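Whenever a hint applies, use it, and build me the whole structure from the sequences.
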Amino acid sequence: MDRRTRAWFDRLVEEVLVALPDRVKEMVSAIPLYVEDYPSRKLARELGLRRRSELCGLFSGVPLHEKRLDEPTVMLPDRVTLFREGILAAAASGRGRVTEDAVREEIRITLLHEYGHYYGMSEEELENYGYG
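Sequential numbering of the sequence shown, starting at 877, is according to the working numbering.
I should point out that these hints are in silico values taken from the structure, not numbers from a laboratory. Hints are not guaranteed to be accurate.
Stated by the list, open to error - Label-pair restraints from in silico Cβ distances:
#1 Asp878 - Arg973: 28 to 38 Å
#2 Pro953 - Val900: 19 to 29 Å
#3 Gly972 - Glu902: 32 to 42 Å
#4 Leu909 - Gly1008: 13 to 23 Å
#5 Trp884 - Glu1000: 26 to 36 Å
#6 Arg917 - Asp878: 12 to 22 Å
#7 Arg927 - Thr881: 13 to 23 Å
The structure displayed is predicted, hence computed values, not measured ones. Backbone N, C-alpha and C define an ideal beta-carbon position, used for all residues, glycine too.
In structure tokens form, the structure reads like this:
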């Protein structure tokens, strides 16, 4: 992915974040957001991906409802990662056309999906809300 496409994509991420309702922004600010081109080979292997563009985002960490203050564990910090290639692939029309609006919508859905996992939502619940 070239520098120009990255800058364009990252600008759209910022626009989506700014447009979120204040309550959602507060929830999102609790967990760091990273944006990468695609998942590592190791991660793709672990998740059984055939193509790296299959993954739009990933929550890594322990969901809030599973955290226990009385049983602290050593682990990596929680984080959400968006993958540019996956989101661009998901936003493409049947003819391969990608519009800014489609990319913004896919970013929004992916953000809400991954942060939903942090707040304890299952895949089924996220699907029911339209963030599957």
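So, going through the hints one by one against the coordinates:
no., hint, result
1, Asp878 - Arg973: 28 to 38 Å, "violated, 19 Å"
2, Pro953 - Val900: 19 to 29 Å, "holds, 21 Å"
3, Gly972 - Glu902: 32 to 42 Å, "holds, 37 Å"
4, Leu909 - Gly1008: 13 to 23 Å, "holds, 20 Å"
5, Trp884 - Glu1000: 26 to 36 Å, "holds, 34 Å"
6, Arg917 - Asp878: 12 to 22 Å, "holds, 21 Å"
7, Arg927 - Thr881: 13 to 23 Å, "holds, 18 Å"
Comparing the model with each numbered hint stated earlier shows that hint 1 is the single one that does not hold.
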